[in-house]
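Q: Read top to bottom, the protein sequences are chains V and E.
Positions 38 to 211 (this note's numbering) are the ones given, in order, by the first sequence.
Positions 3 to 450 (this note's numbering) are the ones given, in order, by the second sequence.
Since the hints were derived computationally from the structure, they do not count as laboratory data.
Just so we're clear, the structure is a prediction, and the values are computed from it rather than from any experiment.
Some hints could be false.
[As the list claims (entries may be wrong)] Computed far set for chain V versus chain E, every beta-carbon distance over 12 Å: (1) K103; (2) A175; (3) E180; (4) I193; (5) Q199.
[Claimed, not checked] Here are the simulated DMTMM-like cross-link-like pairs (lysine to aspartate or glutamate), alpha carbons at most 25 Å apart as the crow flies: (6) K97(V) with E108(V); (7) K246(E) with E307(E); (8) K173(V) with D12(E); (9) K198(V) with E181(E); (10) K63(V) with E191(E); (11) K100(V) with E163(E); (12) K93(V) with D42(E); (13) K198(V) with D12(E); (14) K97(V) with D182(E); (15) K255(E) with E274(E); (16) K173(V) with E191(E); (17) K152(E) with D384(E); (18) K173(V) with D182(E); (19) K97(V) with E191(E); (20) K97(V) with E70(E); (21) K93(V) with E8(E); (22) K145(E) with E70(E).
Glycine is no exception: its CB is placed at the ideal position from the N, C-alpha and C atoms.
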Amino acid sequence: MNESLDESVVRACQQDDKAAYAVLVKRHYRHVFALCLGVLGNLHDAEDVAQEAMLKGFLKIKKLDKTEQFEAWILRIARNLCFDFLRRQKRKKVLSAKQLMRPGQKTSENHVLQQAIRRLPQELRVPLTMYYFDGKNAKTIAEKLNISHSGACQRIRAARKQLHELLTERENNE
Amino acid sequence: MNSICEKIKDQIADLVTGILSEAQMQKLEQHLNECAACRDYARALKDEDMLLTEFFAKIDTNITHQQERVLQAINHSGVSKQSETHLIWRTIMKSPITKLAAAAVIIIAVVLSINVWDKSIPTAYALEQTIEANHSVRYIHIKGFDPSHKEPKEYWVECDESGKLKSARWHMPSWDAPEDGAKVVVWKENKIQLWFKGTTKKRGCLVTYKKEKGADWLYNRAQEYNPKLAVERLYEQQAQGKVKIQVDQPADKAKPIVVTATYLPESPKSGEREVLFVDRGTRLVTATKFYRLKDGKYKYQCTYEYYDYNQPIKPEMFDLDKEVPADVRRIDEDQQKIELNKGISPDELEKYENMTPKEMTIVFFQACADEDWNELLKFMSDSEIRQETKDYYGGLEIISIGEPFNTDEYHGWFVPYEVRLKSGSIKKWRLAVSNRNLVQRYICDGGF
């Protein structure tokens, strides 16, 4: 975590220093986006919500007392916005591939993979997304998700196994 | 595959993730050598690992663009505008004009107060000389010294014959605003040029502010401190008892007259003290020291020294176009305005300017529905519509556009919408729209 690095930058932001917030965006947007992508399972929605989270962070930064905990704080904002988004969307938690695929639609390798990832339960999809998108480091994922290191490893493992089943199930059905 | 293999699957997944111990890896390898089914499983997971890595790396290529969009949204937010204004205001407040004018106010205050406090000084003479001296100043070079930094801030000011501000130049060292780096500001002919020299992390750029936005505002501010107007304000301040002036004229005639101005509680500048050093011969201020009251004592803040009174400043000093290297990025806000209004004919402009947030949102999504990307671009600050956006939103069907609402957190409007995408899925969300931009009409404020 960049706690000590963030502290002085956050303080500068609290003095209306816009340029300082750009530093935080560069440093944390990736993590925020990875979390949103993991929770929402959709690139465009993740981008919308991640952007909204960073903007909300900018507007609310003066209220952040523990300046060294910016990352945990902004991830919490992002997570809440994701849930808010899902509630508004009134979607099912997991969209089946059938719902998303239209008859005759061309299925690329990436598309199949994306659909399979979406079908993972959220508690597995989030660590898997963060793992692959955010440096392949289970320890930092554990910190960001506030879970144990072994817990993070277990979830990544379960996600990989389940993803394999989803991908092979599809192959067998085709 | 037997029950042992089921347990091995966990280890294979862990192997790919790279969290197995050396001993576990050896044991696993031994099993893989013996079990074809597990070898296939391991190979499949490894292939999937590569696929996942490539898949997410592809998404990652768009991250910089997304970050830029976030920063753009922040730039359009109320707080950032305030911050930008603050930057200009901070620059101005540190300007020589302000200091010069403040000095003029003090000088006049001193001269007038001499009548009260020091009958030994030929007051009428001092008053007339100082006021006259200030009015005759056409050029001045000022250096601002901060005790924590060696490099001073520097200012050059040129007035016309009537004493009206003509051009000004500021040099701000990087310590003044480390996030910006060193910068030069030039004000001339109703426009401001701001040259950010860049930092190790940020590229430099030359920003030209449009007339009505920055330059006129700056000019009005500078006029506010015009010495002629300052005299009137001084009379008012005296009448209101907002400042206490003390004059010390040392017996040693080589030493300057020292004028101490202490702001009283009735003044907005209460708690501040300024000490001016006035040249006996010219009656002009040579330096000003600034103090602030802390723990019952006036603590020194900084010094401004005034040089080269009426020494003509070369015209090149007030022209950054030639001075700034050709490879420095140039940002012209007038040009940006044209960019934002791209594709809109003068006849049509009024129509777009008069759109309400809801009307804008309807036209916006209709453009997506019609795949009319030129129309959509009129509501975006981007230079082009990304292909993935076209793929995602193109051909959508509008289900409903709700009533706009706003929140304390965002200066613009949120317009709820529900659309059916070409993929068949329904998207129900809100479009953030704002008219706080250069063209002052509603456009999409970031992602949608």
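Q: Could you work out which of the previously given hints the structure breaks and list their numbers from low to high?
A: Of the numbered hints given earlier, those the structure breaks are 2, 4, 5, 9, 10, 11, 12, 15, 16, 17, 18, 19, 21, 22, listed in rising order.
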